[in-house]
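Participant: Residue numbers (the working numbering), protein chains in the order written: chain Y, 1 to 242; chain P, 1 to 242.
Check each hint, because a few of them may be wrong.
Since the list can't tell identical chains apart, any single copy or any two copies may satisfy a pair.
[To be verified] Only pairs whose alpha carbons sit at most 16 Å apart, straight line, appear in this in silico EDC-like list of lysine to aspartate or glutamate: (1) LYS94 / GLU217; (2) LYS224 / ASP160; (3) LYS185 / GLU42; (4) LYS185 / ASP100; (5) LYS224 / GLU214; (6) LYS185 / ASP84; (7) LYS94 / GLU171; (8) LYS185 / ASP160; (9) LYS39 / GLU228; (10) LYS185 / GLU124; (11) LYS39 / GLU214; (12) LYS94 / ASP110; (13) LYS185 / GLU87; (14) LYS224 / ASP72; (15) LYS224 / ASP70; (16) LYS39 / ASP202; (17) LYS185 / GLU214; (18) LYS94 / ASP195; (19) LYS39 / ASP72; (20) LYS39 / ASP26; (21) LYS185 / GLU228; (22) LYS94 / ASP143; (23) LYS39 / GLU171; (24) LYS94 / GLU214; (25) LYS185 / ASP72.
Calculated from the structure, these hints are not laboratory results. In this text, all values refer to a predicted model and were calculated from it rather than measured experimentally.
Number of protein chains: 2
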Amino acid sequence: MTYCVAMNLQDGLLFASDSRTNAGVDHVATFRKMQLFDKPGERLLVLLSAGNLATTQSVVSLLRQRAAHDPDNHNIFTVRSMYDAAELIGETLKQVVQRDAGGQSQGSVDFGCSFILGGQIAGEAPRLFNIYPQGNFIEATPDTPYFQIGESKYGKPIIDRVISYQTPVNEAAKCALISFDSTIKSNLSVGLPIDLLLYRHDTLAIGLQQRIGEQDEYFQTIRKAWGEALRQSFAALPPLPW
Amino acid sequence: MTYCVAMNLQDGLLFASDSRTNAGVDHVATFRKMQLFDKPGERLLVLLSAGNLATTQSVVSLLRQRAAHDPDNHNIFTVRSMYDAAELIGETLKQVVQRDAGGQSQGSVDFGCSFILGGQIAGEAPRLFNIYPQGNFIEATPDTPYFQIGESKYGKPIIDRVISYQTPVNEAAKCALISFDSTIKSNLSVGLPIDLLLYRHDTLAIGLQQRIGEQDEYFQTIRKAWGEALRQSFAALPPLPW
Chain Y
1 MTYCVAMNLQ DGLLFASDSR TNAGVDHVAT FRKMQLFDKP GERLLVLLSA GNLATTQSVV
61 SLLRQRAAHD PDNHNIFTVR SMYDAAELIG ETLKQVVQRD AGGQSQGSVD FGCSFILGGQ
121 IAGEAPRLFN IYPQGNFIEA TPDTPYFQIG ESKYGKPIID RVISYQTPVN EAAKCALISF
181 DSTIKSNLSV GLPIDLLLYR HDTLAIGLQQ RIGEQDEYFQ TIRKAWGEAL RQSFAALPPL
241 PW
Chain P
1 MTYCVAMNLQ DGLLFASDSR TNAGVDHVAT FRKMQLFDKP GERLLVLLSA GNLATTQSVV
61 SLLRQRAAHD PDNHNIFTVR SMYDAAELIG ETLKQVVQRD AGGQSQGSVD FGCSFILGGQ
121 IAGEAPRLFN IYPQGNFIEA TPDTPYFQIG ESKYGKPIID RVISYQTPVN EAAKCALISF
181 DSTIKSNLSV GLPIDLLLYR HDTLAIGLQQ RIGEQDEYFQ TIRKAWGEAL RQSFAALPPL
241 PW
């Protein structure tokens, strides 16, 4: 499986994705699930993916190939809004699933996938979309400023407790890492390294991009500190009164 | 949905279940998911259920009805071991699913359900089983002393961090309540009241049985203290170094 989370906050966007893919328990591999489409100063689009790897890779390849082959036409580097980008990705996703799943007895294979698309195109505000396997999509708002795809449940409680639209984006990055730590501890199908990307509004350039592996000193520090804090907080709770 | 958790620890057994059932978002109701089959001094069996309510209720009704109609024969109050009780429940489950799902086009209805069965019968040690929708079952051991059924993911990280076979059962009860709080916060299909039952080994009697609702003072205290401790612990983590 996979775990990806992204947030559209007051001062910026935050993206994080794991790198584990598996087909059954035998075929475990590392694949980056964060893709960038950027023209510095003009647009920065970040795409996170979960689901069938053949489908997500094909969607990304087609987006890049079509832009390269026909740079002046409607493509991921020329769309005029984030909304149009989400629509283009949803359309491409439907084409790939139609091609791969259509006209064969599919058995129990799931060709579906989900995307989170976020970023900013000059002339409009930063936006964040969750693109469903059906190709349609929803947009984050200040009421619900974050989306998760993949193995989202283990890491949701900490986000629900800590994140609001006003949370500074670097605090949100810390929260995303804790959310990943909880997920990785409880689920084998989510694994390091974590790709982390931080974008500050209206910069139209990457704020911070970091790949966080097993040896990353900061990640080791906070996962250990968090585990200890949880155990101490738990021990400090009053005992059952009954 | 539902969330139930049970643990077989060094000094006792712990059971907790929520009370919300829903079919779609319209049919939301409160049903107890914890059933007791006990003869004080001789046996105490606790059954937690998740899944199709028609199926789980039928299984429980048949277990009780068959014991009432034919008290001297093989039934839930006469089986000689917890293993035989798990087998009887699995068998009853298969009969109900066969009856309800067989011989009709089922559409997309899922008739399946899961059970956790724990307790002690005089003459053997306390035991804990997870009974699958197929009617087969696994038993908890000191390596993995707990089972969850239903919406298990949100509340798993805290259990994974805090619980071991050596954890005292009243500490485990505290952990179960925190695990429920995380689940209820993140998932609408799990709701109060929580039924909590604590059993101390070799007593063959209920140690503590408590129904915990919205107004429960202790639950209010620990969920508030836990939320604050999490936010404080989070704020105390070192900032991003990059």
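Participant: Indicate which option fits the pair LYS94, GLU217 if close means a Cα-Cα distance not exceeding 16 Å: within, between, both or neither.
Facilitator: Neither, since 41 Å and 52 Å both go past 16 Å.
Participant: Between LYS94 and ASP143, at a C-alpha cutoff of 16 Å, which is it: within one copy, between copies, both, or neither?
Facilitator: neither (29 Å within a copy, 45 Å between copies)
Participant: Between the shortest in-copy and the shortest cross-copy C-alpha distance, which are at most 16 Å for LYS224 and GLU214: within, between, both, or neither?
Facilitator: within (13 Å within a copy, 34 Å between copies)
Participant: Within a copy, between copies, both or neither: where do LYS185 and ASP100 come within 16 Å Cα-Cα?
Facilitator: neither (34 Å within a copy, 39 Å between copies)
Participant: Classify it for me, LYS185 with GLU42: is the Cα-Cα distance of at most 16 Å met within a copy, between copies, both or neither?
Facilitator: Neither way: LYS185 and GLU42 sit 39 Å apart in one copy and 40 Å across, limit 16 Å.
Participant: Given identical chains, is LYS224 near ASP160, meaning Cα to Cα at most 16 Å, within a copy, between copies, both, or neither?
Facilitator: Between copies only: 14 Å across, 21 Å inside.
Participant: What label fits LYS185 with GLU214 when the C-alpha limit is 16 Å: within, between, both, or neither?
Facilitator: within (13 Å within a copy, 31 Å between copies)
Participant: Cα distance capped at 16 Å. Does LYS185 pair with GLU228 within a copy, between copies, both, or neither?
Facilitator: Classified as within; 14 Å inside a copy, 23 Å across copies.
Participant: Treating 16 Å as the Cα threshold, decide for LYS94 and ASP110: within, between, both or neither.
Facilitator: within (14 Å within a copy, 28 Å between copies)
Participant: Have a look at LYS39 and GLU228 and pick one of within, between, both or neither, based on CA distance no larger than 16 Å.
Facilitator: Answer is neither: 43 Å inside a copy and 43 Å across each miss the 16 Å cutoff.
Participant: Is it within a copy, between copies, both, or neither that the alpha carbon of LYS39 lies no farther than 16 Å from that of GLU171?
Facilitator: For LYS39 and GLU171, the Cα distance exceeds 16 Å both inside one copy (27 Å) and across copies (55 Å).
Participant: At most 16 Å between C-alpha atoms: does LYS185 with GLU87 qualify within a copy, between copies, both, or neither?
Facilitator: neither (35 Å within a copy, 32 Å between copies)
Violated hints, listed in ascending order, are 1, 3, 4, 6, 7, 9, 10, 11, 13, 14, 15, 18, 20, 22, 23, 24, 25; each of the other numbered hints is respected by the structure.
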